[in-house]
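Q: Sequence:
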Amino acid sequence: MLPPLRVGQARLLQVATRLVRAAALLHELRSIPKVGQGTADGVGRKNNNWPTDMCIKIAIVHDIAEAIVGDITPSDGIPKAEKSRREQEALNEMCEVLGGGSTAEEIKGLWEEYENNSSVEANLVKDFDKVEMILQALEYEKEHGKVLDEFFLSTAGKFQTEIGKSWAAEVNSRRTNGCGQN
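Going by numbering that gives the first Met the number 0, the first residue of the sequence shown is number 0, and it counts up by one from there.
A hint or two may mislead.
To be verified - With a straight-line Cα cutoff of 25 Å, these simulated SDA-like cross-link-like pairs (lysine to any residue) come out: (1) Lys145 with Thr175; (2) Lys82 with Ser117; (3) Lys145 with Ile71; (4) Lys107 with Ile67.
Stated by the list, open to error - Just the calculated beta-carbon pair ranges, DEER-fashion: (5) Val96 with Lys141: 38 to 44 Å; (6) Gly98 with Ser153: 33 to 39 Å; (7) Glu104 with Lys164: 32 to 38 Å; (8) Glu104 with His143: 25 to 31 Å; (9) Ser153 with Leu97: 31 to 37 Å; (10) Glu88 with Arg173: 36 to 42 Å; (11) Arg84 with Ala168: 31 to 37 Å.
Calculated directly from the structure, the hints in this document are not laboratory data. Fair warning: this is a prediction, and the values are worked out from it, not measured in the lab. All C-beta atoms, glycine included, are put in the ideal place defined by N, C-alpha and C.
Generate coordinates for the entire structure from the input sequences, incorporating the hints supplied.
A: Take a look at the structure:
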């Protein structure tokens, strides 16, 4: 019998919701024309150049680690190295529960890819994670009338992909133009 993971049902539901959002965003990417691709080239067919399957795998592994240790935000004041150590420990625990083997090795590899920014896919997932964070902050500002500058400041200038930069710019534009206010 496998030992239970230390994850509550509410947290698992939250992670599942995030994964569905991430999958929907990745699905939308397939229809965005690439540089040099005419508008007509993208009409009526999906752009399959986006590495959606790999992005989804990386996002799942990242969110599993967060589900176990909790979603550490800038306001928590926890250094990046400590956050990384906690997530690594959580993944090691999960891989032990899985009994090791090739699946556990793949999970560890995907997490390291994310942590080390060692692929385009990892960069894209990191950008999605940041966009989701500032979008949630914007929604919270609107609903509760609070100013949450620390979330926006913590991501400023840290987007690595063009799509991430454009989505962050859109969220920031909505915030600046009052879409985040009551």
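Q: Compare the structure with the hints numbered earlier in the document and write down the numbers of the violated ones, lowest to highest.
A: 8
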